[in-house]
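Each chain, written out:
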Amino acid sequence: MAALVLNEEQQMLKDAAKRFLSESAPVSQLRALRDNRDETGFSRELWQSMVEMGFVGTLIPEALGGAQFGYVGMGQVSEQAGRNLSASPLISTAIGGVAALLLAGSSEQQQALLPQVAEGSLLLALAIDEAPRHAPNRVATRLQVADGGYLLNGRKTFVVDGHVADKLIVSARSEGAEGDQAGISLLLVDRNAPGVSVERTIMADSRNAAIVSFDNVKVASGDLLGEAGNAWAALALTLDVVNAQLAGELLGLSLEVFERTVAYLQERKQFGVALSTFQALQHRCAHLFSELELVKSAVLKAQMALDAGDAEAAQWVSLAKAKACEVAELATNEAVQMHGGMGMTDEFDIGLFMKRARSVQALFGDYRYHANRFAALRGY
Amino acid sequence: MADLDVFRQQTRAWLEENCPQSMRTPQRSDNDACWGGRNFTFASEDQKRWLERMAARGWTAPDWPTEYGGGGLSQQEHKVLREEMARINARPPLSSFGVWMIGPAILKFGSEELKRQHLPPIVRGEIRWCQGYSEPGAGSDLAGLQTRAEDHGDHFIVNGQKIWTSYADKADWMFCLVRTNPDAKKQLGISLVLFDMTTPGVSTRPIKLISGSSPFCETFLDNVRVEKSQVVGEINAGWTIAKYLLTHEREMIGGMGRTAAGQKTLPQIAVDAVGLEDGKLADGMLRGELATWDLDAAAFALTAERVLDEAKAGQGVGAASAMLKYYGTELNKRRQELMVALHGSDGLLWEGEASREGAVARTWLRSKGNSIEGGTSEVQLNVIARNILGLQ
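Same order as they appear, the protein sequences are chains A and B.
Throughout the first sequence, residue numbering follows UniProt numbering, covering 1 to 380 in sequence.
Throughout the second sequence, residue numbering follows UniProt numbering, covering 1 to 392 in sequence.
Bear in mind the hints are in silico, worked out from the structure with no lab data behind them.
Owing to the predicted nature of the structure, the values given are computational and were not obtained by experimental measurement.
Be a bit skeptical, because a hint or two may be false.
To be verified - From the derived model, a few chain A residues whose C-beta atoms are all more than 10 angstroms from chain B:
| # | residue |
| --- | --- |
| 1 | 10 |
| 2 | 37 |
| 3 | 122 |
| 4 | 142 |
| 5 | 176 |
| 6 | 196 |
| 7 | 237 |
| 8 | 271 |
| 9 | 319 |
| 10 | 341 |
| 11 | 375 |
Stated by the list, open to error - Where chain A lies over chain B, by a calculated footprint (3+ residues, C-beta under 8 angstroms):
| # | segment |
| --- | --- |
| 12 | 43–53 |
| 13 | 290–300 |
| 14 | 307–315 |
| 15 | 322–336 |
Each residue gets a CB set at the ideal place from its N, CA and C atoms; glycine is no exception.
Based on the sequences and whatever the hints tell you, model everything.
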């Protein structure tokens, strides 16, 4: 079994992401985007810089213009994005979109689209969920055969970066009943195609999402990813890839909010002494530290298992996402409480971390979803 | 072929040939463990044979130098040996505070003479050791210990009382913390000394626990003569060694409750006891609690692995043992609570044939001590808060 440590290349990527994102995409940037009610929701200039740094192409094969650093490599970028609350289409495009194309797309589709992603000229978004709570098998959106192609009808919610994506990757039902894993297809749809309407939803974390409706949208047969009705396995694996990265983002976010809290306890004085001298607070921090150590291990294992094509990767991913969700909730709640009144103010960043955490927790399955899945995968 | 692969093949073949079949079944309880020592009664010929064969190769202490009887294995080879033993569900040939604790301390801090005297008998399982640390007035505040060692030239005369001495009534030798300088600041006047439990003035009394068993003793030291040659490291510098040993102990206790090779996992036990409905455990609340525990246990096992891997790679936090001890023992307590719950009234059977000697209930009760012995959970949280997080 491979050692649970980063190799030299991954460590260098982590250092580079740390330096770059803390300088170029810090929390203050998210705050400014929010305060200016920015239409795009992220800085396109930042995205181009992330292209130049090679972050956007981390999962893309070298032959198609990427860096091919794997899931552990991308995990280092995700973790630092979590630490800095960096607003960018990393999850929607460089992770979710790329994974769907790699896992479900044909080599023609990959060759046509992945180089564009790597150079920053194409944004993608996953349109999967239809209900507010994640349930990727619950697909009512219909894909019907029509005139040598298909017609798409339905409605998708919590489509991250859906309002700016050039192309949407949509799950739709070719056959079977809502809830069946069999009969689901994956397809590419231009956001500007006739019949596609996109409503941007302003979320608590000040990041992008959208509700997308499809009304008799024409889809060419060449825009199907894989076979019609047979996309469940690729979709599930795509979601595993994304969840392993979301767990990484939650890890970074939790570590950052924890370190800020520890620093605040050392600095803030009450009753003539620093808050850090109180055992009631020390023990809560020490417990949280222990939980964070568990999250680090689970996240690294999940990303390594995906890189290795481990048959049990799904289990490791659900472990990582579940633990990361649970501990991010604890870390952000403790941070607000230990910052006292300051934690409740908009001026302090702590609240931004808490709001982002809940959004990432809800995206593609929270603690309960993944604990349930973990149990099912382990035979109970 | 790489050397390690050759080693694996040879090890696999040797184990196949030398590990008796009855030693390839899970240990049902502590009673199945082989503790060795002068007074030990082997449970079977196989148990004795397995110990002797492993000891002859030094594989009861695989990473100790061969000159002291150890196996001389590299870390990678040691890992291969563990993996190959796990593959056939081989029981540990020897459970030993000598191998786990005082041996490594003697290797690191002891004189050449002490190494030659004590290490080979530990490897062979001939001498069983116990640890004299806690005192009635020094538990969490271990450095406050009062057992006195008076200097009499070439030897000390030791007087005092130890408590929570594991298996003192069965052990042959004790490694014991004593105060050699009553005037120094409390951590600075302590030494670690070794003596034979048959020395005049040593007496023990077992303590009966809530589980009904008596793994611990009180030990009374009444004018016990200890040669100065039996001091590990420098006189008055015992606290450093004590802390080193506590780290070892924490790691050991923190690892308790991990599912050993060949044993059923907690979810498997739950499925057997409660049953499935539509592929899910029949009790929804229990299923949820079990999943919560299972997630934590899986992430904890990965963390123990990662800490080892980081140590090998020269990275990581030195004080990780406090975290592993804290989390591992709390996890085991949760496991045992779930064990009792999922067995219902059967989990509370105490005696009689149907009870399997009250194994579930007694193991549950024993686990309550995990977060007390070797430094309480609260002490571990103090260590994490102060030493790692700098909260003080």
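Tested hints:
no.: 1; hint: 10; result: holds, 12 angstroms
no.: 2; hint: 37; result: holds, 39 angstroms
no.: 3; hint: 122; result: holds, 36 angstroms
no.: 4; hint: 142; result: holds, 28 angstroms
no.: 5; hint: 176; result: holds, 20 angstroms
no.: 6; hint: 196; result: holds, 39 angstroms
no.: 7; hint: 237; result: holds, 20 angstroms
no.: 8; hint: 271; result: holds, 16 angstroms
no.: 9; hint: 319; result: violated, 5 angstroms
no.: 10; hint: 341; result: holds, 21 angstroms
no.: 11; hint: 375; result: violated, 4 angstroms
no.: 12; hint: 43–53; result: violated (count 0)
no.: 13; hint: 290–300; result: holds (count 9)
no.: 14; hint: 307–315; result: holds (count 5)
no.: 15; hint: 322–336; result: holds (count 3)
Violated hints, in rising order: 9, 11, 12; the structure is consistent with all others.
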